[in-house]
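Protein sequences, first through last, are from chains R and B. Terminal number for the first sequence in our numbering: 273, no gaps in between. Terminal number for the second sequence in our numbering: 361, no gaps in between.
Since the hints were derived computationally from the structure, they do not count as laboratory data. Among the hints, erroneous ones may be present.
[As the list claims (entries may be wrong)] Okay, the calculated bits of chain R under chain B, using three or more residues with CB under 8 Å as the criterion: (1) 96-102; (2) 109-115; (3) 123-132; (4) 141-147; (5) 245-254; (6) 259-268.
Note that this is a predicted model, so its numbers are computed, not measured. Each residue gets a CB set at the ideal place from its N, CA and C atoms; glycine is no exception.
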Amino acid sequence: MAFDLDERLDESRRVGFFTDTSICIGCKACEVACKEWNHVPDDGLEFTGWSYDNTVKLSADTWRHVAFVEQRKPLGHQEPGVGEMDFRWLMASDVCKHCTHAACLDVCPTGSLFRTEFGTVVVQPDVCNGCGYCVPACPFGVIGKRESDGVAAKCTLCYDRLGAGEEPACAKTCPTDSIQFGDLDELRERAERRLEQVRAAGTTSARLYGHDPGDGVGGTGAFFLLLDEPEVYGLPPDPVVTTRDLPSMWRHVAVAAVALLAGMAATAWRRRG
Amino acid sequence: MSAAGMSPAGMSPAGMSAGAGMTTEAVPMSQTDVRMDDTAGVRGDREATPGSAGRRRERLMVPKADFDSYYGRPVLNEPTWRAPDIAGYLFLGGLAGASSTLAAAAELTGRPRLARASKVGALCALGGSLYALIHDLGRPARFLNMLRVFKVTSPMSVGTWILTAYGPQAGAAAATGVTGLFPGLGRAATVGAAVTGPAVATYTAALICDTAVPAWHEGFREMPFLFAGSAAAAAGGLGLLAAPTAEAAPARRAALLGAAVECVAAARMERRLGALAEPLKRSRLLRLGEALVLAGAVAGVSAGRRSRLAAMAAGVALLAGSACTRFGIFQAGMESAGDPRYTVQPQRRRLAKERAERDLA
Numbered sequence: 001m002a003f004d005l006d007e008r009l010d011e012s013r014r015v016g017f018f019t020d021t022s023i024c025i026g027c028k029a030c031e032v033a034c035k036e037w038n039h040v041p042d043d044g045l046e047f048t049g050w051s052y053d054n055t056v057k058l059s060a061d062t063w064r065h066v067a068f069v070e071q072r073k074p075l076g077h078q079e080p081g082v083g084e085m086d087f088r089w090l091m092a093s094d095v096c097k098h099c100t101h102a103a104c105l106d107v108c109p110t111g112s113l114f115r116t117e118f119g120t121v122v123v124q125p126d127v128c129n130g131c132g133y134c135v136p137a138c139p140f141g142v143i144g145k146r147e148s149d150g151v152a153a154k155c156t157l158c159y160d161r162l163g164a165g166e167e168p169a170c171a172k173t174c175p176t177d178s179i180q181f182g183d184l185d186e187l188r189e190r191a192e193r194r195l196e197q198v199r200a201a202g203t204t205s206a207r208l209y210g211h212d213p214g215d216g217v218g219g220t221g222a223f224f225l226l227l228d229e230p231e232v233y234g235l236p237p238d239p240v241v242t243t244r245d246l247p248s249m250w251r252h253v254a255v256a257a258v259a260l261l262a263g264m265a266a267t268a269w270r271r272r273g
Numbered sequence: 001m002s003a004a005g006m007s008p009a010g011m012s013p014a015g016m017s018a019g020a021g022m023t024t025e026a027v028p029m030s031q032t033d034v035r036m037d038d039t040a041g042v043r044g045d046r047e048a049t050p051g052s053a054g055r056r057r058e059r060l061m062v063p064k065a066d067f068d069s070y071y072g073r074p075v076l077n078e079p080t081w082r083a084p085d086i087a088g089y090l091f092l093g094g095l096a097g098a099s100s101t102l103a104a105a106a107e108l109t110g111r112p113r114l115a116r117a118s119k120v121g122a123l124c125a126l127g128g129s130l131y132a133l134i135h136d137l138g139r140p141a142r143f144l145n146m147l148r149v150f151k152v153t154s155p156m157s158v159g160t161w162i163l164t165a166y167g168p169q170a171g172a173a174a175a176t177g178v179t180g181l182f183p184g185l186g187r188a189a190t191v192g193a194a195v196t197g198p199a200v201a202t203y204t205a206a207l208i209c210d211t212a213v214p215a216w217h218e219g220f221r222e223m224p225f226l227f228a229g230s231a232a233a234a235a236g237g238l239g240l241l242a243a244p245t246a247e248a249a250p251a252r253r254a255a256l257l258g259a260a261v262e263c264v265a266a267a268r269m270e271r272r273l274g275a276l277a278e279p280l281k282r283s284r285l286l287r288l289g290e291a292l293v294l295a296g297a298v299a300g301v302s303a304g305r306r307s308r309l310a311a312m313a314a315g316v317a318l319l320a321g322s323a324c325t326r327f328g329i330f331q332a333g334m335e336s337a338g339d340p341r342y343t344v345q346p347q348r349r350r351l352a353k354e355r356a357e358r359d360l361a
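The task is simple: from the sequences and hints, build the whole structure.
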């Protein structure tokens, strides 16, 4: 397998999520539907005190995670009704980004992670040996290693449902259509229109995240409309696939290895005696 | 009762502050009427205005951040690698690879006892490496799944094949070296292990740098040289420890050269990484590693020439120093992954730079 950094995905067959956080109501139905459908073990049964967030982050056992952010900032022209104070409550359902250039897929040494016919990235749990390399490779902190069975796990974009012509469980259950599933081309167009609409309505801080094929991961299959900077939601502002620098890393390693060989030979240069 | 004095901050102080990054902003509030100390002027019951009490204390749980984050949570997921396994492997793999090269250099220049000690040391270090690597797997029984594919995009896959090429040769070199059987095969294995050894010792730099862990990834230019130097120092240390002084000259020089390369590479890396180098600069293990390696190398080429005991002490210091360096690099990386600052701020700076360049163009 060669470097797939220049590989072009067949965009016409690629599906994904457009998560419009401006209409997320924080009901967590996506988290529940995901767990139900995919038999994801329970977690998040602790009280964090971070607004309504108790699942904290994406992990092996949380494939959809709803973030709750409370801010003393205005939301468009909205009157929060708490005296003179500005207040807004941001909610966003985070998920695996199914990157165009997926670091987890690149670094997987067993071939357990693979690219599906839908352009998504999926773990084969019966192949994974739990080396854990994908975990620090992911620039978004999505994939995790499950303690109970020792293998990596993350969102599959409901690979089994896609094959049956069904949309993923989270999108199916989302009561406000904050999570929209569809062909990526179409979703990107829809997102542009929605962004204009939200901005025109006064929320000028709205922006798209992950929609740009020119970004450091080649654009994501699951992208977002956010109302603040990505890092406010726990997302990296400028993620880059780590393997972009790998050709240079290998060159540096090669030079160092040859230098080590030469150096060790030089230390014994003079024959004894 | 009026809701005017109610503050959502009362519901979630951490959320308010960390999410909005507004810890220092004063919020207009009416003065308190409900006090713990029951002082004069207290009005109770329905006229109480909860959440309006005086000035808020500084809350330690809120990170005083000049950047935004989600409740101070790391952006990246914490690497699941355990230090004894993976940092231990970084050290043992380096020791094994460089020792095999030193063994061949010693054998070809007529230093059989240094060669034999290095070969045996390499095989033991290799055994420890394989144990650590398999032990760290979530499903150790599936370790052979690594051999299903060869992926140049995965340093772990490449490393698996490097070890597959190196391991049998290192084993054969040690077995023939100790028993004296099959000298022809032994010579071939010794040379083969010497050529593949440096790959074992340096590919581990790509292994940890090819991640999103900021302190590892951004250090990818120096890391292979740091690891090569550290490996040479460790192999030199082993030679000093196990070989007689009369044959240990290559080990002494390897230790000195390795220590110098390691320290120069570390210094360059810390300078180039700027703010990202904080976890490296803070690391006591790294400082201790540098001190031990330098002291061991200097003691090796001075007192170690004459005194067997001094040579052995220098060898122990070199081995310990090399191990400290690997554990220090490992921990600094974990620390940089665990703090959102090291993920967000460099990316912010990159975006700002790109924007400035676009504006200028």
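Structure-based check of each hint:
1. 96-102: violated (count 0)
2. 109-115: holds (count 4)
3. 123-132: Result for this restraint: holds, n = 6.
4. 141-147: Since 6 is at least three, the answer is holds.
5. 245-254: holds (count 7)
6. 259-268: With 9 residues in contact (Cβ-Cβ under 8 Å with chain B), the coverage given for the segment 259-268 of chain R holds.
Violated hint: 1 only; the structure is consistent with all others.
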